[in-house]
Amino acid sequence: MNMKKVAAIFRKQLKDTLKNKEVLIQFIMFPVIATIMQNSIRIEDMPRNYFVILFATMYIGMSPLTSTASILAEEKEKNTLRVLLMSNVKASEYLLGVGSYIFLICMLGSVIFAVVGQYRGIEFVLFLSIMALGILISILIGAGIGTLSKNQMSATSVTVIVMLIFSFLPMIAMFNEGVAKVSRFTFSQQLNDWLKGIGTISIHVDTIGILLLNMIVALLIFVLGYRRCKLA
Amino acid sequence: MNHNLQIHTKDITMHFQNTKVLDNINLSIAKGEIFGLLGPSGAGKTTLIKILTGQLKPTSGVVSLFGKEKERIEQECMSQIGMVLDNTGLYERLTCYDNLLLFARIYGIDKSEINIVLQKVGLDDAAKKCVNKLSKGMKQRLVFARALMHKPKILFLDEPTSGLDPVIASSLHSLVMEEKNKGTTVFLTTHNMEEATKLCDNVALLNKGEIIELGNPYELCRRYNHQNKLIILTKSGEQIELMNQASSAMRVADFLSNNEIESIHSTEPNLETVFMELTGRGLDTDEHEKSSRYF
Ligand SMILES: Nc1ncnc2c1ncn2[C@@H]1O[C@H](COP(=O)(O)OP(=O)(O)OP(=O)(O)O)[C@@H](O)[C@H]1O
Ligand SMILES: [Mg+2]
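So the protein lines, in turn, are chains E and D. Residue numbers for the first sequence follow full-length UniProt numbering, so the first one is 1 and each next one is one higher. Residue numbers for the second sequence follow full-length UniProt numbering, so the first one is 1 and each next one is one higher.
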């Protein structure tokens, strides 16, 4: 692993995303919506930070996943990934460069959520840690989709479905018990539960199990795509 | 093995599914040589370049670059190779400068090299332009700049000038010659026989995955100069063909003394006619033409 190359990719990505509105909007949309909703809507008996948690969960399930997938798929489609790999950049260096960039940007978004939600001290740290875990899993899934897709078109169609599962299931689950039984098995639902109970966090064995399962599946998809991406 | 041998292949054969695309390719290319792979569309040129650059694994056969077998030295090897392939692989939203900056950082090259190489390809004024605002010729020159920036020892060029206007093509030719003079080995593919004749020290004629002839372009032309005729156009508009030999001397002398000659030239076969003679078809034909007619 050559950190100079990782840094080069990171800086390339920073410049490129600033000019790429479709990806940029992914990072900004949810924190902005959450800020507006949380500050403008008051309902009786509304749980604490209702909108912050709702949109933070959707953010986890959507933004890192779609942006990673679309960046990777575009690099494959436009042949820039091949040029990088042929310039002696290892696939791991590339992914670390792009991945750490997305992670950082999404963590900045998470800080906005935390500030709007007025988390302080240990709660602030806990909130960001939960977000970090979710963003990590989400990036892995996105990287898997991106490396497995031939081009942006096919990546987008897969992303939409996967993203709907991870970002909307937890929301629908609030109103529908049947959906809640399924959404339990998504990492975003588990993290959503943690966010809701942030003052009184308790760690259950099945929560850890589900998170691990999500992570392993994401890793498997990713390794599969990674292998193929070297040959493609 | 000869230390001057930069590219060497032994019995390269490539199958895609059940079709044989390359058949027993044996090549030896020396340091500082410009080698041209000439063949019609679908002959297997790109496939061979992909095998040489490690993007495809041949069904059988061995590739050596710099006198070492390919697979073992992949890492260090790559930084000594420059490539201009048919799909550009440029970052469309980034400027020319930023595209090169990424690779300068990857190769650990000083940033000052970027402006030098941009100037070399005539893009210094466009340094701040985004790639998606460049013309096709400019993009190709930027790809050249990227391929040259790290001073590679071997350059692989896949149809470097196809679809470019003659002025730009010719400026790219000068760049290639300049590299050769610095000792860089160049492997290029083309279906433009003029380009091949002008640039290459040696060419291989590739037809349906087989090398059917190989050698210096001028020597090849001379070797296939069976016609060897003189063509005389008279002032009255008549075209007369004479054998290019002593027995024609009297008639030529007659034309000359009667001041009848408008123009006179000898038939000089070019690589196109050599290819024609060997295969019965031209270089602009397409392997896929026969099948595509059915669609
Ligand atoms: N990935 C692939 N799978 C199956 N067949 C392939 C693949 N790549 C190339 N071919 C076939 O191999 C043959 C040679 O293709 P190649 O691209 O090497 O030709 P070429 O000489 O570069 O042609 P052109 O001048 O049009 O670029 C063609 O018949 C093509 O259809
Ligand atoms: Mg080709």
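Hint data in this document are derived by calculation from the structure and do not stem from the laboratory. By construction, the Cβ of each residue, glycine as well, lies at the ideal position given by its N, Cα and C atoms. Among the hints, a few may not be true.
Said to hold, decoys possible - For each label pair, taking beta carbons as the anchor points, the in silico distance ranges come out as:
id: 1; chain 1: E; residue 1: ASN2; chain 2: D; residue 2: LYS111; range: 14 to 24 Å
id: 2; chain 1: E; residue 1: MET29; chain 2: D; residue 2: SER112; range: 52 to 62 Å
id: 3; chain 1: E; residue 1: LYS21; chain 2: D; residue 2: LYS111; range: 23 to 33 Å
id: 4; chain 1: D; residue 1: ASN228; chain 2: E; residue 2: LYS150; range: 50 to 60 Å
id: 5; chain 1: E; residue 1: GLU177; chain 2: D; residue 2: SER79; range: 53 to 63 Å
id: 6; chain 1: D; residue 1: ASN115; chain 2: E; residue 2: MET107; range: 51 to 61 Å
id: 7; chain 1: D; residue 1: LYS120; chain 2: E; residue 2: LYS4; range: 32 to 42 Å
id: 8; chain 1: D; residue 1: ASN87; chain 2: E; residue 2: GLY197; range: 43 to 53 Å
id: 9; chain 1: D; residue 1: THR19; chain 2: E; residue 2: SER157; range: 29 to 39 Å
id: 10; chain 1: E; residue 1: LYS4; chain 2: D; residue 2: GLU69; range: 26 to 36 Å
id: 11; chain 1: D; residue 1: LYS120; chain 2: E; residue 2: ALA7; range: 24 to 34 Å
id: 12; chain 1: E; residue 1: SER157; chain 2: D; residue 2: LYS120; range: 37 to 47 Å
Hints, verified against the model:
1. About 18 Å separates the C-beta atoms of ASN2/E and LYS111/D, a value consistent with the hinted range of 14 to 24 Å.
2. Checked against the hint of 52 to 62 Å, the C-beta distance between MET29/E and SER112/D comes to roughly 41 Å, which is inconsistent with it.
3. At roughly 29 Å, the beta-carbon separation of LYS21/E and LYS111/D lies within the given 23 to 33 Å, and the hint holds.
4. Here the CB-CB span from ASN228/D to LYS150/E is close to 54 Å, well matched to the stated 50 to 60 Å.
5. Against the hinted window of 53 to 63 Å, the Cβ-Cβ separation of GLU177/E and SER79/D comes to about 59 Å, which satisfies the hint.
6. Distance hint for ASN115/D and MET107/E: a CB-CB separation of about 36 Å, inconsistent with the stated range 51 to 61 Å.
7. Range check, LYS120/D to LYS4/E: Cβ separation about 25 Å, and the 32 to 42 Å hint is violated.
8. Range check, ASN87/D to GLY197/E: Cβ separation about 51 Å, and the 43 to 53 Å hint holds.
9. For the pair THR19/D and SER157/E, the beta carbons lie near 31 Å from each other, so the given range of 29 to 39 Å is met.
10. In this structure the hint that LYS4/E and GLU69/D lie 26 to 36 Å apart at CB holds, the actual value being about 28 Å.
11. Distance hint check for LYS120/D and ALA7/E: the Cβ-Cβ separation is about 27 Å, which falls inside the suggested range of 24 to 34 Å.
12. For the pair SER157/E and LYS120/D, the supplied restraint of 37 to 47 Å holds, since their beta-carbon distance comes to about 43 Å.
Of the numbered hints given earlier, the model fails hints 2, 6 and 7; all others are met.
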